[in-house]
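> Sequence:
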Amino acid sequence: MKFNVVQSAMEPLVKHLRKPGRLITVTILSGICINLFVGEQYLSVILPGRAFKPAFDKIKHSPLALSRVLEDGGSVINYLIPWGVAGSFAATTLGVPVLQFLPFAFFSLLSPVFSIISGFTGIGLKWAKDKK
Numbered sequence: 000m001k002f003n004v005v006q007s008a009m010e011p012l013v014k015h016l017r018k019p020g021r022l023i024t025v026t027i028l029s030g031i032c033i034n035l036f037v038g039e040q041y042l043s044v045i046l047p048g049r050a051f052k053p054a055f056d057k058i059k060h061s062p063l064a065l066s067r068v069l070e071d072g073g074s075v076i077n078y079l080i081p082w083g084v085a086g087s088f089a090a091t092t093l094g095v096p097v098l099q100f101l102p103f104a105f106f107s108l109l110s111p112v113f114s115i116i117s118g119f120t121g122i123g124l125k126w127a128k129d130k131k
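Taking numbering that gives the first Met the number 0, I'd label the letters of the sequence shown as residues 0 to 131.
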């Protein structure tokens, strides 16, 4: 039995996301918010992925593009959240708080930014096979 809770909650928002830049930005921000509130990197990929997949299909984006955007806003960010699974693991392993290694986490900081820029400029976007 499927309840489609996530899709029902996101449907009013998804209706207004017709351009790649906006869709990518909202997908990344939702992954970051889930990371902040839950601290779990898998949920920050699964929930936005299920919620925004129909919107990505509607604008003819490749599933590869959705996957990349989910990683940029989900699992990559989790290292920057002190109470997140990856953040607490990295802090314990390195022996320093997350805020001390935060300025050196270039990939985690820049990946979502470049993904959003890519969405608005169209550079590097992957489209579905039927759209060239």
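Be aware that a few hints might be false.
[As the list claims (entries may be wrong)] Straight-line C-alpha distance at most 25 Å; calculated SDA-like pairs for lysine to any residue:
{"id": "1", "residue 1": "Lys125", "residue 2": "Arg67"}
{"id": "2", "residue 1": "Lys14", "residue 2": "Leu28"}
{"id": "3", "residue 1": "Lys57", "residue 2": "Leu124"}
{"id": "4", "residue 1": "Lys57", "residue 2": "Ala90"}
{"id": "5", "residue 1": "Lys59", "residue 2": "Val97"}
{"id": "6", "residue 1": "Lys18", "residue 2": "Lys52"}
{"id": "7", "residue 1": "Lys57", "residue 2": "Phe100"}
{"id": "8", "residue 1": "Lys57", "residue 2": "Asn3"}
{"id": "9", "residue 1": "Lys52", "residue 2": "Asn3"}
{"id": "10", "residue 1": "Lys128", "residue 2": "Leu42"}
{"id": "11", "residue 1": "Lys52", "residue 2": "Phe100"}
{"id": "12", "residue 1": "Lys18", "residue 2": "Trp126"}
Worth flagging that the hints you see were computed from the coordinates, not collected in a lab.
> Each of the hints needs a verdict: does it hold here or not?
Hints, one by one, checked against the model:
1. Among the hinted pairs, Lys125 with Arg67 is consistent with the structure: their alpha-carbon atoms are about 10 Å apart, no more than 25 Å.
2. With a CA separation close to 17 Å, the supplied pair Lys14 and Leu28 stays within the 25 Å bound.
3. The straight-line distance between the Cα atoms of Lys57 and Leu124 is roughly 15 Å, inside the 25 Å bound, and the hint therefore holds.
4. In summary, the hint linking Lys57 to Ala90 is not supported, as the alpha carbons are separated by about 40 Å, beyond the 25 Å threshold.
5. Restraint check for Lys59 and Val97: the C-alpha separation of about 38 Å exceeds 25 Å, so the hint is violated.
6. Pair hint Lys18 plus Lys52 holds up; C-alpha atoms about 14 Å apart against a cutoff of 25 Å.
7. Proximity of Lys57 to Phe100 is assessed by CA-CA distance (about 39 Å); at most 25 Å being required, the pair is judged violated.
8. Restraint check for Lys57 and Asn3: satisfied, since their Cα atoms lie roughly 18 Å apart, inside the 25 Å limit.
9. Of the pairs offered as hints, the one joining Lys52 and Asn3 holds, with about 13 Å between alpha carbons and a cut-off of 25 Å not exceeded.
10. For the hint linking Lys128 to Leu42, the alpha-carbon distance of about 28 Å lies beyond 25 Å, and the restraint is violated.
11. Of the pairs offered as hints, the one joining Lys52 and Phe100 is violated, with about 33 Å between alpha carbons and a cut-off of 25 Å exceeded.
12. With a CA separation close to 13 Å, the supplied pair Lys18 and Trp126 stays within the 25 Å bound.
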